[in-house]
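Same order as they appear, the protein sequences are chains A and B. For the first sequence, position 232 matches number 232 in full-length UniProt numbering, and the numbering has no gaps at all. For the second sequence, position 290 matches number 290 in full-length UniProt numbering, and the numbering has no gaps at all.
Since the hints were derived computationally from the structure, they do not count as laboratory data. Do not rely on the hints blindly, as some may be mistaken.
Covered by chain B, per the in silico footprint, the following chain A stretches (three or more residues, Cβ under 8 Å) [to be verified]:
1) 61–70
2) 100–109
3) 116–122
4) 130–138
5) 205–219
6) 292–298
Even for Gly, the Cβ is constructed at its ideal location relative to N, Cα and C.
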Amino acid sequence: MSAADMLKTPGGPDPQASDTAVADKRPAEVHEPKTSGGGGRRRNKGALLPYFLIAPTVVAILAVFVWPLIKTTIMSFQDVGRTELWTGAPAPWVGFEQFTEILGDSAFWDSVVLTIVFMAICVVATLAIGLGIALMMQRMSDWARLMITGALIAAWSIPLMVQASIFRWLSDSDYGVLNMVLTKHLGFDFQGHNWWLDYKQGFLIIGAVVVWGAIPFVAITLYAALTQVPKELEEAAAIDGVNAFGNFRYVTFPVIKPVFQMVATLSVIWDFNVLGQVWLMRGSKPEPEYEVIGLYAFNKAFESNSFSQGAAISLITVLLLSGVAVYYLRQLLKIGEVD
Amino acid sequence: MSATASAPKTDTPVTTVKSVPTGKKKPSSDRKKKSRFVYNGIGVVAFVVMIFPVYWLVVSALRPNKEIRSYDQTLWPSSFTFDNFARAIDYENFGTAIKSSLIVSFTAVVGAMIMATVAAYAIGRFRFYGRRAFMIVLILVQLLPPTAMLIPIYLQLNDFGALNEYWGVIVIYLVSTLPFATWMIRGFVINIPKELEESAMVDGCTQMGAFWRIIFPLLAPGLAAASIYSLINAWNEYLLAYIVLQDNDKFTLNVWLTNFTTARGVDYGALMAASTMIAIPVVIFFMFIQKKMATGLTSGAVKG
Numbered sequence: 001m002s003a004a005d006m007l008k009t010p011g012g013p014d015p016q017a018s019d020t021a022v023a024d025k026r027p028a029e030v031h032e033p034k035t036s037g038g039g040g041r042r043r044n045k046g047a048l049l050p051y052f053l054i055a056p057t058v059v060a061i062l063a064v065f066v067w068p069l070i071k072t073t074i075m076s077f078q079d080v081g082r083t084e085l086w087t088g089a090p091a092p093w094v095g096f097e098q099f100t101e102i103l104g105d106s107a108f109w110d111s112v113v114l115t116i117v118f119m120a121i122c123v124v125a126t127l128a129i130g131l132g133i134a135l136m137m138q139r140m141s142d143w144a145r146l147m148i149t150g151a152l153i154a155a156w157s158i159p160l161m162v163q164a165s166i167f168r169w170l171s172d173s174d175y176g177v178l179n180m181v182l183t184k185h186l187g188f189d190f191q192g193h194n195w196w197l198d199y200k201q202g203f204l205i206i207g208a209v210v211v212w213g214a215i216p217f218v219a220i221t222l223y224a225a226l227t228q229v230p231k232e233l234e235e236a237a238a239i240d241g242v243n244a245f246g247n248f249r250y251v252t253f254p255v256i257k258p259v260f261q262m263v264a265t266l267s268v269i270w271d272f273n274v275l276g277q278v279w280l281m282r283g284s285k286p287e288p289e290y291e292v293i294g295l296y297a298f299n300k301a302f303e304s305n306s307f308s309q310g311a312a313i314s315l316i317t318v319l320l321l322s323g324v325a326v327y328y329l330r331q332l333l334k335i336g337e338v339d
Numbered sequence: 001m002s003a004t005a006s007a008p009k010t011d012t013p014v015t016t017v018k019s020v021p022t023g024k025k026k027p028s029s030d031r032k033k034k035s036r037f038v039y040n041g042i043g044v045v046a047f048v049v050m051i052f053p054v055y056w057l058v059v060s061a062l063r064p065n066k067e068i069r070s071y072d073q074t075l076w077p078s079s080f081t082f083d084n085f086a087r088a089i090d091y092e093n094f095g096t097a098i099k100s101s102l103i104v105s106f107t108a109v110v111g112a113m114i115m116a117t118v119a120a121y122a123i124g125r126f127r128f129y130g131r132r133a134f135m136i137v138l139i140l141v142q143l144l145p146p147t148a149m150l151i152p153i154y155l156q157l158n159d160f161g162a163l164n165e166y167w168g169v170i171v172i173y174l175v176s177t178l179p180f181a182t183w184m185i186r187g188f189v190i191n192i193p194k195e196l197e198e199s200a201m202v203d204g205c206t207q208m209g210a211f212w213r214i215i216f217p218l219l220a221p222g223l224a225a226a227s228i229y230s231l232i233n234a235w236n237e238y239l240l241a242y243i244v245l246q247d248n249d250k251f252t253l254n255v256w257l258t259n260f261t262t263a264r265g266v267d268y269g270a271l272m273a274a275s276t277m278i279a280i281p282v283v284i285f286f287m288f289i290q291k292k293m294a295t296g297l298t299s300g301a302v303k304g
């Protein structure tokens, strides 16, 4: 599979060429004569030991992730409805019918566009604000940095469910503090304004939760990366007449780039999965305008009882995001993290 | 890596740093002070924005209910009360929800830790065919979009007859935290010098004995961090629990939270109080591991 390609990509400067590999290999040779002292059978046992140790994990992953995915693939070429699911009756094969039906459904494309646009806006906002905070943290006094780190960690540790509850309360039409501040202190007429009637405004609130919840990870990780940038480089560039922006562009950013790419990829994957937040903030039955792709799949499966369509959409989602996942993996391999 | 490659290019002017006339330093440090003042200002604003929702959560939970149902929300409550907490606790099924959450998350974490430690030891200590492939699978599994896995996993649990059963949720939580935990513990395994184990074995320990007597105690901090992280994840999960658990008395705390939204509106006071109670253990545990998280997430241990 692609995994095999991955293995070769960083092959040139072997990531294991470092001394850890040497240290790792040597004892393996040391072990062997000792265990083999008992004879061939025991050496064999020693060679099998690692497989023995990873077996439970491999079986678990196969059972919970791989097998369901394979079955999903099979199911998406069948027509599994309620009777087939509950009675176990054999489902008829329908070929690509589920896919053509989904791809021909305008609601599907609406939800894809909605999900991608929402994700893109959230990711850009999160990365921009997170990077901004990280850069400022580098330049502020210790007390201010301590304060903001505390706030970031506090926000980070709030469970998703609770985050959504808080923002629902903040944006409540009658007693929400958001409407009150907008009306009383900023002079707008937001008294009793319902943020959820217009889905664009609704997504503004959902986006606010997502971004607010994601900033801490981005800011703290990027700040950690920024501390690795040698001060002398920036100073030297500044003396050479490079302005602040140029300094960031040509000196700072190249150093933090690997971490930045990683954070960006993870943000894309996480923000693609906004199903939960929508659910929590719109109650259990969100309006059709709020149908992000996860919700669309869920409704197809559980409301229309067409489990095959739900399966097909899940499969499409996995494929959509697999490119991002492979990119992330490549970054990791490049850094030599997977040795 | 391209970063370090491009760095030396800008390295040449470093020598000029030493020859900077000292007279020039003053205005620039003056400007630095001024800009530091600006950055501190923005920092305080960012602090307020980030902390406000958390503050509002706690304050709303402690506010008298009549202040919550008021068009004039004040920054500081006129008086503090635990009425909201009392109301939240009196809500149906609070006790069973705590029980469910505890059963599900602790069982999942204990199981995950045992399996993860063993697997982490294997990939951290041995070189074997398929090791790298295994590690790559560990990463890829973490990157699977959870919303897309919802339906496949639901159907799988249906096949097993695990719907509306604790063990169905436990198995999924266990396996979802497994890749992360394995990866995290592996980091600790690598850092334990092999010589320790070897000398134990020279002294007559078996490989198993060396593991239990030497490696395991040294792994304790790593295990603690990994289990706290897994615990938080299991404690916070709600989508799957919401779909799989159907009986009211099997709801976990997060699913139970949806009770506060009724057709007649939302009891925000009780909701905030309940949310605070759910969040407090997470916040406390989180403080212990936040440093490790930031580094772990970018090195293959992806949030599950």
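Practice task
State the violated hints by number, sorted upward, taking the hints as numbered earlier in the document.
Solution key: 2 and 3
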